[in-house]
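Novice: Line order of the protein sequences matches chains A and B. Numbering (this note's numbering) for the first sequence: 8 to 368. Numbering (this note's numbering) for the second sequence: 2 to 326.
Rather than coming from a laboratory, the hints here were simulated on the basis of the structure. Quantities reported herein were computed from a predicted structural model and do not represent experimental measurements. Every residue, glycine too, gets a C-beta built ideally from N, C-alpha and C.
Partner residues are not named here, just some residues of chain B that face chain A (Cβ under 10 Å, in silico):
#1 Asn-74
#2 Met-102
#3 His-111
#4 Pro-142
#5 Asp-246
Residues per chain are reported as follows:
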Amino acid sequence: MLIERFDPLKGEMLRIMDEEGQIIAPDLKPDLSDERVLELYKVMLLTRAADTKALQLQRQGRMLTYAPNTGQEAAQTASAAALGENDWLVPAFRELGAWLMKGVSLETIYLYWYGNEWGSHFPENVRMLPISIPIGSQLNHAVGLAMASKYKGERDVALGYVGDGGTSIGDFSEALNFAGVFDAPVIFVIQNNQYAISVKRQIQTRAATLAQKAVAAGIPGILVDGNDLLAVYAAVSEAVERARAGQGPTLIEAYTYRLGAHTTSDDPTKYREDNEVVEWRAKDPVKRVKQYLIAQGLWSEEQDAAQSAEYEEYALEVFRKIEETGDPQVEDLFKYTYKEMPEHLEEQLSEYLQYLEGKVK
Amino acid sequence: MALLNLISTINHTLDYEMGRDDRVVVFGEDVGVEGGVFRATVGLQEKYGADRCFDTPLAEGAIVGMAVGMAINGLRPVAEIQFSGFMYPAYNQIVSHVARMRNRTRGRLHLPLVIRMPHGGGIRALEHHSESLETILGHIPGLKVVVPSTPYDAKGLLLSAIRDDDPVIFLEPSKIYRAFRQEVPEGDYTIPIGKAKVVQEGEAVTVVTWGAYVHETLKAAEQLANEGIDAEVIDLRTISPIDRDTIIKSVKKTGRFVVVHEAMKTYGPGAELIALVNEKAFLYLEAPPTRLTGFDITIPLPRGEHHYFLDSDRIAAGIRKVVNF
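Chain A with its partners taken away, still in its complex shape (with noise of 0.2 Å):
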């Protein structure tokens, strides 16, 4: 068991793929087929794809507030690369590859960011909650999907997120806290990307890893890479198995970098080093998994440019059919407050209807 061999109290920190892509750790490589590696980095690359797209377009002023996910792509990809169908997974709001791995579309995910409600609207076949913006709230809605899950005596689980920010909240602790008393089925994933917005990690807590928080709640916690791929495919596996057959929650700190700005709305320029950014390109988890897949035999730089240039061109496609067919139906926005419109909602909604009629003619 990886949880029993990785103390996070010891700051020790599960490592499968170096950063050339090498196999340092042979025995702990996960299950996983090369062809299958490969589907998870080409959901890696279609996500920095739609990441450098969807940037690109904010600068035109066509997108709105966008929250980058690039540098944390193995993270996502991975954790979500474990669950099963019927499993439950719910995000907080930078998890653009584990939402793509759980079967959400593109189309799905710009019309979210492009401000319009149908963007959390999922198919009924996907298990996915939608965005969740204030910070460690959502932790406790995987806590009661798995409960729930556990009390029908189905075996389905649920993934929560959360970031190295949301470890300071309420919610946070009293979500490991549920999950243990009620040894739920329930894993938690913190990302941690080093900064919540500008608060650089060290400021939101002196304890030593994040995973150790879990050791105050009873439950596993472990520490890894999260900028390889395979190590937390292998932990979050573990998870779901352990949460599967009963033997409770686990929490996993994945250790990775934000590449980019926390929204298009700050400048991480003013809060860290260039060197800092630097060290960490040099550990790009989707670089490392093409050299990986190129020394398999697998991959080439040629594909790799091409692939890459043909997500950014689906992903500016997506985006040009949002642009026309985005925009709300007025009556949606009043439709779907309750499950039928109480009277004064039908009168403000009738009297604004009237009102812009009024200002057609």
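Got chain A sorted already, so can you dock chain B onto it with the hints?
Specialist: Coordinates of chain B only, in the frame set by chain A:
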């Protein structure tokens, strides 16, 4: 039929619905083994097991947050907040998620859940045990807010709340938990959420109130009847959405409007009801619409609380002024 007080009715109703629908789970602080500090859930853990009626750690936000996840995954959770004054840690969950999930997902997810909490004062309790939170709950789109005033209504409304596909906040006036008994049918019946009840018909003035104050207001109406003033008393029963038709119809008949509530005055629920009357029945009014409410002060500790609460004499005096305007 059984003769039940309000708290036994809540207990009976939870029992009834848990027996009927195994998606219903009940939880909160001291809810399981002890059966609730007011005994609302007494016997339920014994009868249905600890996976259907259970104690939680002490964290209101997580209690409500967990209910959100359970409701999404097919259950019908009924969460108890021990006193409404302890709701604030859960307010983030209530406002940010409970109220919004249906709209946020354009109907893909909805939350059939109930959050019960004792409401209002008059039980000589410690600080934070006497709050009236209609305003901060009724103001939030996506929530339904219910306050029963009798055992009979409590059962019908609670069954409606649990069966509702939208989240319902169920405020239970703790002052009348054990104040009186009433015949409560053992079988199935519901009272629609969003419908007020005319509890006493009259021609002179429309008086709208809810919760424990329904009983003080009826006493006041009795005094007034002896003076020849026949007040129409309406038990609002649902804070949100408001039953506008019942109120407006009555005001058009009486031409006078008084709202009586325990919550503070400024920005209180009475302000909304008076605005409604002004918007819909302004030309029928023969006197300024009036609020009889708590003061804009922190609810006093037990030795001074009687100054804050309205008794039937003060309510009668307030109504008399409007009638004699």
